Each structure stands twice: as structure tokens, then as C-alpha cells.
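Following the hints, complete the assembly by docking chain A onto the known chain V.
Going down the list, the protein sequences come from chains V and A. Numbering-wise, my numbering puts 124 at position 124 of the first sequence, and it's gapless, one number per residue. Numbering-wise, my numbering puts 83 at position 83 of the second sequence, and it's gapless, one number per residue.
Bear in mind the hints are in silico, worked out from the structure with no lab data behind them. Remember, predicted model here, so these are calculated numbers, not experimental data. Worth double-checking, as some hints may not be accurate.
[Said to hold, decoys possible] Below 27 Å or equal to it, Euclidean Cα-Cα: the simulated DSSO-like pairs (lysine-lysine) are: (1) V/200 x A/169; (2) V/88 x V/144; (3) V/235 x A/169; (4) V/108 x V/177; (5) V/177 x V/144; (6) V/108 x V/200.
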Amino acid sequence: MTKRTRYFLVGAAAILVVGLCTGLVAYYSGGLASLSAAQTGPSELTYVPADAAIVAYANVREVMTSQFRERFRQAMPQPDEGRNELLKETGIDVEHDIDHVVACVLPKDGEDGGLVVARGRFNPTQLESLAREHGAVVEDYRGKRLLVAQSHDGHRQPTLAFLDPGLVAIGDEVSIKSAIDAEMGGHSVLSNDELMGLVKDVDSSASAWAVGRLDVLRAKAHLPEEVERQLPPVKWFAATGRVDGGLSGTLRAEARDEQAADNLRDVVRGFFALARMQAGSDPKVAALLQTLQLSGTGTTVQVSFTVPAEVFELLAKAHKAGQ
Amino acid sequence: MTETPAAPAPPTPRAPGFLQASLRIMDLSIGQMLWSRRTIFMALVVCGPVVIALVIRLITSLGVPTRINGAAMTGPAIFGLMIWIFYLRFTVPVLGVFYGTALIADEVDDKTITYLFTRPIPRGAVLVGKYLAYLVATGFVVLPSVALVYLLIVPINGSLGTSFLAFVKDLVLLAVGLAVYGALFAFIGAWFKRPLLIGLIFVFGWEQAALAFPGYLKRFTVAYYLQGLVPHAMPQDSVLSLVQAIVRQTPSLGSAVLWLIVIWVVTLYLASRMVERREYVLDQ
Chain V
1 MTKRTRYFLV GAAAILVVGL CTGLVAYYSG GLASLSAAQT GPSELTYVPA
51 DAAIVAYANV REVMTSQFRE RFRQAMPQPD EGRNELLKET GIDVEHDIDH
101 VVACVLPKDG EDGGLVVARG RFNPTQLESL AREHGAVVED YRGKRLLVAQ
151 SHDGHRQPTL AFLDPGLVAI GDEVSIKSAI DAEMGGHSVL SNDELMGLVK
201 DVDSSASAWA VGRLDVLRAK AHLPEEVERQ LPPVKWFAAT GRVDGGLSGT
251 LRAEARDEQA ADNLRDVVRG FFALARMQAG SDPKVAALLQ TLQLSGTGTT
301 VQVSFTVPAE VFELLAKAHK AGQ
Chain A
1 MTETPAAPAP PTPRAPGFLQ ASLRIMDLSI GQMLWSRRTI FMALVVCGPV
51 VIALVIRLIT SLGVPTRING AAMTGPAIFG LMIWIFYLRF TVPVLGVFYG
101 TALIADEVDD KTITYLFTRP IPRGAVLVGK YLAYLVATGF VVLPSVALVY
151 LLIVPINGSL GTSFLAFVKD LVLLAVGLAV YGALFAFIGA WFKRPLLIGL
201 IFVFGWEQAA LAFPGYLKRF TVAYYLQGLV PHAMPQDSVL SLVQAIVRQT
251 PSLGSAVLWL IVIWVVTLYL ASRMVERREY VLDQ
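The shape of chain V in the complex, shown without the other chains (with noise of 0.2 Å):
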């Protein structure tokens, strides 16, 4: 081997070299901060049940003062009736007053049930006056002031929970208690490793996101057979979506086996390509398409999307012309 050729195969060596160690040390420095993080996921997670199915969070703040809400609001304006009646009513600007939220469905035999836990800033005297003014009636569970509306239909009992200075839970009365069970018994959701796994994944700069087991949902609803075997053979999903100028997101899910994701994957293909055989005749909305993504190897399947803050502009022109 002439010296020529040597020094070629060491500076190409090196070339390799450093780039495997800069990856190398980006993934561990990423896996260090997440393991010196106190916990995964934001904090509210101690209020989430371990037997949640699903669990998500949305990065309320982020998503009302992104430019992609205004160029959507632009694109699609929505009377402001809703959110003025709720501030009137409850003091609550939604814009401004939530940062986010984590919610979780809570499968039980029957029926399931379900919670909201809102960080933000609210006005108590103002909400329980609202909620007595509706007939409900206030309770004290281990510590927590419940504010527990009648139900005359039979279902559970809707009810709003101060848990916190500036944390509040609304969801069903047997939820709400499991919520606060869950955080005094340390039996939260934080010690569910399958779950957690699932929230570990997530990018933890998506402005929003949800993870949950399928498989226990659907045993807990009893479905027919005949339902129960059309469903997609999905054990557990998760979705993260990420609000900027405009919009990108992931959907992933954990198939039964190689077989079942094999098949997922070629529904998910054939619905792609009917779609851009459909849209072939619109670049702007092949062009949308074309960002779609389906990936995933063994068990797995992923879809990503990007809708370009262009679409949005799109949808404003013709708002406009429909006018």
C-alpha cells in the first residue's frame, strides 16, 4: 500500500470517525438530560391514574400564540361568542389564562371514564360561585375542595377539583377522586413503565401530544366480534404534533405482530396513493401529500405529516372567494 493511498484511507477513516462520535455524543448528551430531568413528562402526571389507557398533553400557550392558530384564524375565522361567554361566565380567557393541559382516559368496566388537569391561572370564588349557581354542591376529599355537579341522568357526575394553586381538574366525580388517590399514594401513572415508555419516546418539544394502550381500551369495551375484527390490530399508539408557522406531526403505532403492522402499513400505503392519484390534477395539494410519510420496520408504523403555513393562505383565498 503506497503512502498516498494510506494517508486517503486514514482521512476517510477519520471523516467516518467523527461523525459517529459527534452523533454518539449528541444521543448520549440527550439521553443524560432526560435522565437528570426530575421526572418525564410534565408534573401533572402525578395526578394521572396507573391504569390510565390514555394519556395526553397539549401546550395550550404555545398552540394560542403560534403563528400557525393566527394564520388558521385568518384562513378561518371563528366568532369569538364561545370564548367571550366563557370568560364572562367562569373568568377564564382561554388564550391567556391556560398554559397547558394533560388529560387521560381511565377505561373501566361499564363505562369509562375520564379527567382534564388545567395548569393556568383562575379565579376559585368565581367558578365555585358558578358551579352552585348550576347546583352543585362542594366536597371535601382528603384535603381537595370538589365541586360535584348532580347528575339526573344517571352518568356519572361531572365535577371540577381544585388540586393546586393554579391547578384544576375537570372530569368525572370517581375519576376526579382516583386522580387525587393516585398523587397521595404515589400510584400515579409515573409508575406505569409501559405507559411511561411510551411518554419517554415523545419528543419532549411537541407542542402537543398522546400516547395510549388500544388493546386495553378495547378489552374493556366488550365490542362485538364481528367490530372487534375490523379494528386495526393495534397494541398501543402515540401521536405528537409540533405547531409553528405551520403544523408537523408523527402517528405511531406498535402493531400485534409483523403480520398485522405488514398489513396496517399497506392500508395506510393504498389510502396514500388513492389520495395522490386523487390530487394529481392540484400541485398544492399533491404537494401537501407529498409530505406524508409512512415508515416503520417490524412491529412498528409510523406516519409524519408538515402542513405548510402556505396552506393556510390557501384556505384564506378561497374563504375569500366562497364569500
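Structure of chain A alone, referenced to chain V:
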């Protein structure tokens, strides 16, 4: 006068074994391969993506968003597309064809194969040595190119750390692709008289067509098993790609790895055996 007894003849050195001979041939061939005219082609093929990555990086550093077909794309997504389009679909099979088919065919064409075959080494070691040289020469050009593209492209709205595992998978996959395509075309080069033409027909004719038809035909391609391992979404940038995506089947990880190993071992063994047994008649 008495004759002085002749000094005993030095012992004849033992002929090197198969592995030693292969490594010696590899050492001899790497330089030849790297500094041949074919290298200009290889340099163009692997520098193209790096230049494109550099241009994209420069454009984004000026604040211009990266768009492909009008859609905004992140660095990791662009990196995935580049791995598919530039490396997996083009660079790896094309380098496999050009270098693999030339391992023996070049020596035959240059009428220099006689010099190699008169050496006291197994004939099969000549092929294996040249094959190892091909792996080193192409691997040390293609893989650093991928590393540069990774470093340039992925940080655009993406994270090097998050994409690291996919990058490592890409490197392994491309190395496997070079190894398997190289072995296959080494066999074709040792067997056929016009190996380059047959190789090009295989890569751009047979493999593309078989992947576009539903059914089992795609199992007789290397791309079917190789593409099944790619950690990135398959781009649908042309009608053929769209059709391939519709009829695409993904083999399981175990099956893909197993079949790639089978193709690699069998074709390399057959190529070596072909060189061992074949009588090469050189045109005068």
C-alpha cells in the same frame, strides 16, 4: 584439490495460505482501485450528495426554509430522502456493478490475469483479495460521504442525537449493500463475458421491474431485502416509485438479514469457485 561442498540450498518458502494470500492481494489492489480512472466516477457519485448537502445547509443558514416539492422538510427527513435516492438506489448498486464486475474482468481484458495465476497462491484468493480491496475502497469513500451529509443536513430543524441510531443503521445498511452487491457482481464478473452490461440490466432493469410487480418476483432481488431494513420512509418521487410503494412488501428483519447473508456467502463462494476452475482464454 578437493572441491568445497556446495552450501545447502535455502529452504523454499512456504506458499501463503488462502487468507494470507487474500490479504496480500487486497493490499496490492487497494491502491490500484483507488487511483484508477474509475475513481473519478466514484468521486462524482459520492461527492454529489455532499455538495447538495452543503448547498442546502448554506441556503438554510441564510434563513430560507427547506422545501421539497413545496413542502417544508426537516433535516432528518431530507437525510432519509438522500439515503434512499442517492445512496441506496444509486451509489451502492452502481459501485457494486462497476467495481464488482471488474474484479476479474479487468485482469482478463488487460491480459494480466496470467501474472496473478502464476503466483503460488490459490486462484480463489485472488478474487477474494480483490473483493476485500473493493470493500475497503468503496466503504472508505461512501461511508465518510454519508457521515458528512449527516453532519451537514440533520441539524436543520433536527437533532444529531435523535437521528444517531438511524445514521448508524444507514452506515451498516450501506456497508451490507456494498458487500452483497459486490459479491453478486463479482460472481457475474467471473462468469460472464460482458458482465458490466448484465450487471446494469440487473440493477436498473430486473430489480426495478420486479419491485414494481406484486407477487414473489421481488424476492429474487437484493434491493427487496436491503430496502426492507431502511429506517427512513420510502420516497415516492416518480411514477415507478409510487407503483413500487403501492406493491411494496417488507420482509421481516430476520428474513431480510438471513437472505442477505445467504446471497453474500453463496455468490462469493461461487465466484471464488468459478475463478478456481475456469480456464481463462486470453484474446491474442
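What hint numbers does the structure not satisfy?
-> No numbers; nothing is violated.
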